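Enquirer: Here's the letter readout for the chains.
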Amino acid sequence: MLFSSLVFLFFFLPLTLVGYYALRPWRAMQNYFLFFVSLFFYGWGEPKFVLILLLSITCNWSFGLGLHRYPQSKPIRRIILLATLLLNLGIMYYFKYHTFTLTVLSQWVNFSYIPKIALPIGISFFTFQALSYVLDVFMGKVEAQKNPLDVGLYIALFPQLIAGPILRYETIAQQIHQRQETFADFSHGMVRFIVGLSKKVLLANQFALISEEAVRLARLNAISSSAAWVGAIAYGFQILFDFSGYSDMAIGLGKMFGFHFPENFDSPYISKSVSEFWRRWHISLGSWFREYVYFPLGGSRVTNQGRLYFNLLVVWALTGIWHGANWTFILWGLFYFVLISFEKAIGFEKLQRKEGWIGRFFSVLGHGYTLIMVLIGWVVFRASTLSEASQYLKTMFHKGLLQGFQPDALRVLGENRIFFVIACLACLPWVEWRKSTSSSLKGIKGIILTIAIVAMFFISIVYLVKGSYNPFIYFNF
Amino acid sequence: MKWDMHQAGWEKIAAILGLLLVFSFTLYFVFYNQWFLQFYGNAFGQNNENFIENVTREFEESIQESVPWRLDMIEIHGLLQRWQDKRVVPDVNYGSLFKTSDRQIAFTTPYMEIESDLKALEKIHEELQAINLPFVYVQAPYKLEPGKQQLPYNIQEYGNDNADRLLEGLQELNIDHYDLREDFFDQGWTANELFYKTDHHWTIPGALMATSLLVEFLNQNYAMNIDQTTFEQNRFHFEEFPDFFLGSLGKRVGEQYSGSDSFTLVTPNFTTDYTVSIFNYGSWQEKQGDFSEAILVHEYLDPEAPKETNRYAAYNGDHEIIRITNHTSVEGKKILMIKDSYGLPIYSFLSLGVGEITALDLRLFKGSVADYAKEYKPDIVIYIFNTDAVGRGSFESE
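Sequences listed follow chains A and B, in order. Taking this note's numbering, I'd label the letters of the first sequence as residues 1 to 477. Taking this note's numbering, I'd label the letters of the second sequence as residues 1 to 398.
No lab work stands behind these hints, which were simulated from the structure alone. Heads up, a few of these hints could be off.
[Said to hold, decoys possible] Taking lysine to aspartate or glutamate pairs in the EDC-like style, the calculated list, with each CA pair at most 16 angstroms apart, reads: (1) B/Lys119 with B/Glu168; (2) B/Lys307 with B/Glu255; (3) A/Lys48 with B/Glu49; (4) B/Lys148 with B/Glu168; (5) B/Lys334 with B/Asp379; (6) A/Lys48 with B/Glu53; (7) B/Lys12 with A/Asp185; (8) B/Lys374 with B/Glu126; (9) B/Lys374 with B/Glu127; (10) B/Lys12 with A/Glu181; (11) A/Lys350 with A/Glu276; (12) B/Lys307 with B/Glu75.
[Said to hold, decoys possible] On the chain B side, residues computed to face chain A include the following (Cβ under 10 angstroms): (13) Val22; (14) Phe29; (15) Gln64; (16) Asp91; (17) Arg235; (18) Glu239.
[Unchecked claim] Computed list of chain A residues with no C-beta within reach of chain B, every gap over 12 angstroms: (19) Leu23; (20) Leu86; (21) Ala144; (22) Phe193; (23) Leu312; (24) Val338; (25) Glu349; (26) Ser387; (27) Phe397; (28) Phe419; (29) Ile453.
Remember, predicted model here, so these are calculated numbers, not experimental data. Glycine is no exception: its CB is placed at the ideal position from the N, C-alpha and C atoms.
This is chain B alone, in the form it adopts within the complex (with noise of 0.2 angstroms):
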């Protein structure tokens, strides 16, 4: 394409648009420079080998993450993705981010290996035997339901594939383990109502379904004894703030494209009574009263706060160690749960039959599990991961 050297004012007036453009993000950045502390303390801040290479990077970190209205270019990034009636969005974390049939955002996993995930849940497994502590991994389910298309047509996910090989490779090795996945997606509910759809995690409500299913197999399996009815519907209050969720993978694509979520805040309506304790950067802190007081975490859902806020942690988001005691439930049974963050409201709700639950984050925690539940000495160790988590190393601990 040749150009034309002798064109009319217009590209004048272009130009100095877009000098003007790009002059005022300058100043902006001259001016405002909280970027600048963050990215000094960055690069700075730590000894590497690569200096100059880590200085750039975190530079151009810094930039990318303070531009001036960035969530309003996300935004409009969004609204063009929508009116192109796009599924599939690009992401500079995930690749790219899909639209499902049922209109939720979701991301895929690739193939994994899974030979070293299984050998790190033998090894616990063997451990845990040997001071008879029972064990089972429960696989928890993604948005993407195994066998159901829901993404854009030949759109490769491994997810479901990957934890099937898993409990495969487990089945094989003797470790017992619970595909929560099959009774989850079989109880007629909705994508919408299982998932966020701007959110990786299952909802409030589909959390509590899983729970019950868990009790029920942890009452089959393992003679718990744990109350079943106190997982019933009937016993919670179910509170619904519509419009009120922007999920992780909604802030990635901008709630233009993806929407936003109601938020269901599911409590218990018969009388509670906790003490939680949580571990974190080498202290317990301690909170006493019912669930709403003990357990819920009401920053997370203050009314005033962006719809960007986590309200699926307000059910105590992710710690090292949380232990929470059911003074309702003293002859109780006790558990242990090694967790990801779909495991919180778990954790939450199942302690509302247990005497007392203690959860530990492997991303958090780098103790041994097995020399923690030797001292902890619960009725069972339950594993629960979902399936991304899957060929990524998340079962290790030292």
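Isolated chain A (complex conformation) (with noise of 0.2 angstroms):
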């Protein structure tokens, strides 16, 4: 199910409200009642991967029993986890990797027939949980939860099951009973839920029929280079207001349920370096695999600089991987290592905080280089296969670059021109900046934004009874 659709706004979201507070005398009754609409959300449209998610949670329930049990004993530990890892990365190999592996190496074999496997929205995100659960268990940052049903809520909680933000379960065991529900919060809640649905609905649906119909085009030969760069910009622009839209939303509905998730978007396209662009976007995922996969390699705290780049490569080549089965996202992330390899070499963020005018220059350099490398990226990230990504950036940066905008580009951006104002005001951090002057809320200004929260809900749901394009890009993740 959608948070983006009539039937999350209109019953699932108001019943699954009114069914929680109303079993709030009861903590454990709720959070049951939470755990089964959260299988419910799941299975709607697609039931069958219900059993997949259930499967999950048992086994991961198990492993983290079967860890408890044996707290002294290393061997049976480490078999645990290595069944806890080769169960929930076999999982999603099969649904998520499996086709394309055999793909791959049907070059070279020949495979009578090979499956095409349908992909259990989610996967990446509600295993990478399941993961953080025992393995938190493992490395003793918390107990191992008895009731199965509590592993089930920490794993399936509709708001982040699908999208994130990836929930570290150290993070979040405390609250599953010992969170409280207050209307600040839920308010909070409600408003970031409409900064989100907003977010989606009116910047990312829209630029998506942008990036759609430039990478159309672009196949067929038919764009203009400048037509190519609105293209790349409307896709960074749809691909973080549907993402951290999403983000937004899912941290919104878990304030209205009283959990508190991690930020996962801290407006990314301000930064000034690469790396400050991923410590900024995907935060949760950053995190997961700084945790559980840069940390226990060694980090940066290496003495050999040739390990520290081995250990950059594993973490960008599996985040690459992570994001789907195709060449495109391992370049992607591959790309990214390179950049942030770079970075560190040259100590670009050092550069960067040096005072005067050398802190000054590489700070607008690194803004610009940072803005043009993304995009780049996301050409990579956006494409089907190789070939297209690398036709598209021919089309960017060979076809008639320095001809200025041609009238493809220029209908685009005239027709859209108050989105992509919106969207570039967007990006920016605007909460931060008023907390940093202490400016109020309160008065005229309370009751302008009051006004736009309820204008942006509503004008949300007139696009979504209008009815378009309207999926999201990390559910296929």
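Both chains come to you apart, so use the hints to assemble them.
Expert: Here is the structure:
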């Protein structure tokens, strides 16, 4: 079920809220209720994949119990850890990568049949959450849960089930039983949900139309260089507002039920380096890889520089692969490995921190360079094949780049000028700035914001009723 | 973007208003159960292998169709598009709808393979040839004129290209055809005189002009001897209903965006006498009288009816079979017309100059056209379709 669907807005959400708060005196009942409605949420439209989710919950709960039962036996704990990795990554491999692997191998081996396997939505997200639970128990950060429904609630909780933020178990373990719902939290969550919904429906969906058109025309070689840039920028906005919109909705919904999820985005397009970009983009994924892959490998506290780059290579190759079974994702991940390694090697961020004109110069340079690199990355990420990515990039950089804006680009920009202006403004860290200037939101400002939020919500509903392009990009991951 | 947890009370007011909005829709759906009956009928009234997927899909569709104030919301959406001066409006069915340079609403047609269409037309041509029946394919126009830049820059449109390739294929197969598009657009009429701006169909006066062109072609090529003067404009009464019609495309984008159309009712100002027989769902119905009584369906012309009413269907909508017998021309020719919705004013007007015309709609008629023609024994069989029908298997019959 999509958050940005009428069924969710007018049925699932209100009925879940009523049911949840009707059970307020009984925390355990509330948790069970949330678990079962989460299964319903996940099973809507594709019920068979609920079995995969239940399998993941049951097995990981058992592994957690196993670790709890043998706190001192290293061999048994290692066997359990190995089984955890094999099961979770095995499920993920089968649904996400098996067809791709066979297709690649079929260049050398003649397979009689390559299956087409349907991908359970959000499998990468819930698998990583499930892994986080057993890994945190293994590392002794948290106690194992005795009750499988509590593990189930952590893995399947509907706000973050399908597209994150990826919760690490240690950050949420306590909240399962000891959270507090307040009206302030609830209101904040509701407003956050509306902001996320508006980002998705009013911005991401509009930019999706522009970027899809650009990709389609590029395939036909019927697009100018400037229009290809506009298409790439549109995709940059689409993926930001699509994914950060989803995260806003997830965090907002979490708050409405008393949960506090970590932030997932922090105005990534204001970054002055690629390294900074990845501290601001999909923060929960970066944090997961840092915690469970990068640090165990030694992180950056290694004496050998080669080892540092190897660690980075592993993390970025995995980041690429995590996003999907396609060479484009692998290249995209490796592209970031190269950029981040380069920044580390020349101390790029240190240069930016220098006082005076040197610092300012590298900051401005870094901002431009980061935006262009991220945009190039998105072209590769968006493409179906490497050759399609290469063709699109050639159009961007080769085909009359210096000829200025061509009529096709001007038409798209003109037609969508309001969206481009709003999108640029929405990329800025307004909340941070407001906090730093301590400006109050009481009085007339508060009234304006209230009207703006309700209007955004209503207009989003209008767009949903009209019905148009409405997928979530990260559902595929 | 980090969020301040200690913001002022405006969030509470916004949250309450947001919840009120959500729950008002929920309560509407709870207390207004018409949508549920529709959902129940669609979801449980059919056997389906993917039962649960089907139920959830039907549920979502029923909700989407039954949202309270749906048309008002589409109007608000249209108003927002108009304020932005947008010429491309996303649409769930068409992908996008476009405002042309003539301020008309149009959809585009993708590139279509035409081989199966050619095969279907070749098959029927051979079958009719075997019983010595002349056959002609008539390519009706769509509102996007060939070679004219009406769409926003770089929007790809292949409707005319698909039709051109089909006609080239028919030429190679030596199948008679008439490209009505060129003559139609050459008459010097404006786009809004030829086509409704909110609908994909040609206007009724446009269809009358097309009928006249078709008659000229039939007389020249098949010696049909239909009286050409019957279709002269001065032999008709034109009654204009301003701001009267919101066509199928206008409904999708909202009147606030598209505006509305005037509707011109065209009726002959000479004596007519008809029997009209209509076959739908296994039974015949019959009407008798003059053009207005027998052919026109007056409920579509009710001034009290909403603008969304399909006024175009006043010229006797889409039926599996419609047979129009003109008693003032008993010796006249007999025509079998295979058509899409573009054909309905054509057969209505063409009936004025022939003895009898029967029109089959292949979207509803599932029998064999050749067998029907064999039994009916017309003087000619005419296939008339607009460019959007090309490449969609529109010409196939049993």
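Enquirer: For each hint, tell me whether it holds in the structure or not.
Expert: Consistency of the hints with the structure:
About 13 angstroms separates the Cα atoms of B/Lys119 and B/Glu168, which keeps this hinted pair within 16 angstroms; it holds. Taking the CA atoms of B/Lys307 and B/Glu255, the gap is about 10 angstroms. The hint holds against a cut of 16 angstroms. With a C-alpha separation of about 14 angstroms, the suggested pair A/Lys48 and B/Glu49 falls inside the 16 angstroms cut-off, and the hint holds. With a C-alpha separation of about 21 angstroms, the suggested pair B/Lys148 and B/Glu168 falls outside the 16 angstroms cut-off, and the hint is violated.
Pair hint B/Lys334 plus B/Asp379 holds up; C-alpha atoms about 5 angstroms apart against a cutoff of 16 angstroms. At roughly 10 angstroms between alpha-carbon atoms, A/Lys48 and B/Glu53 fall within 16 angstroms of each other, so this suggested pair holds. Between B/Lys12 and A/Asp185 the CA atoms are separated by roughly 9 angstroms; this keeps the pair inside 16 angstroms, and the hint holds. A distance of roughly 13 angstroms separates the Cα atoms of B/Lys374 and B/Glu126; the hinted pair therefore holds under the 16 angstroms criterion.
As the CA atoms of B/Lys374 and B/Glu127 are separated by approximately 9 angstroms, the hinted pair is consistent with the 16 angstroms bound. The straight-line distance between the Cα atoms of B/Lys12 and A/Glu181 is roughly 14 angstroms, inside the 16 angstroms bound, and the hint therefore holds. Only pairs whose Cα atoms come within 16 angstroms are accepted, and A/Lys350 paired with A/Glu276 is accepted, the gap being roughly 12 angstroms. For the given pair, B/Lys307 sits about 13 angstroms from B/Glu75 by alpha-carbon distance, which is consistent with the 16 angstroms threshold.
Taking 10 angstroms as the C-beta cut-off, the interface hint given for B/Val22 holds, the closest approach to chain A being about 5 angstroms. About 6 angstroms separates the beta-carbon of B/Phe29 from the nearest beta-carbon of chain A, less than 10 angstroms, and the hint is met. At its closest, the beta carbon of B/Gln64 sits 6 angstroms from a beta carbon of chain A; the interface hint therefore holds under the 10 angstroms criterion. Nearest Cβ of chain A to the Cβ of B/Asp91: about 7 angstroms, under the 10 angstroms cut. The hint holds.
The criterion of a C-beta within 10 angstroms of any C-beta in chain A is not met by B/Arg235, whose closest approach is roughly 45 angstroms, and the hint is violated. Below 10 angstroms, beta-carbon pairs count as interface contacts, and B/Glu239 has none with chain A, the closest being about 35 angstroms; its hint is therefore violated. No beta-carbon of chain B comes within 12 angstroms of the beta-carbon of A/Leu23; the shortest separation is about 18 angstroms. For A/Leu86, the requirement that its beta carbon stay farther than 12 angstroms from each beta carbon of chain B is met, with the minimum near 31 angstroms.
With 12 angstroms as the threshold on Cβ separation, the claim that A/Ala144 sits away from chain B holds: the shortest Cβ distance comes to roughly 32 angstroms. Distance check for A/Phe193 against chain B: the nearest CB is about 8 angstroms away, which does not clear 12 angstroms, and the non-interface claim fails. Against chain B, the non-interface label of A/Leu312 holds: every CB pair exceeds 12 angstroms, the least being about 27 angstroms. The beta carbon of A/Val338 sits about 29 angstroms from the closest Cβ of chain B, which is more than 12 angstroms, so the claim that it is off the interface holds.
At roughly 21 angstroms, the least C-beta separation between A/Glu349 and chain B is larger than 12 angstroms, which holds for a residue marked as non-interface. Every beta carbon of chain B lies more than 12 angstroms from that of A/Ser387, the smallest distance being close to 21 angstroms; the non-interface claim holds. The claim that A/Phe397 is not at the interface with chain B holds, since no C-beta of that chain comes within 12 angstroms of its own (minimum 20 angstroms). Taking the minimum C-beta to C-beta distance to chain B, about 8 angstroms, the non-interface status of A/Phe419 is violated against the 12 angstroms cut.
Taking the minimum C-beta to C-beta distance to chain B, about 4 angstroms, the non-interface status of A/Ile453 is violated against the 12 angstroms cut.
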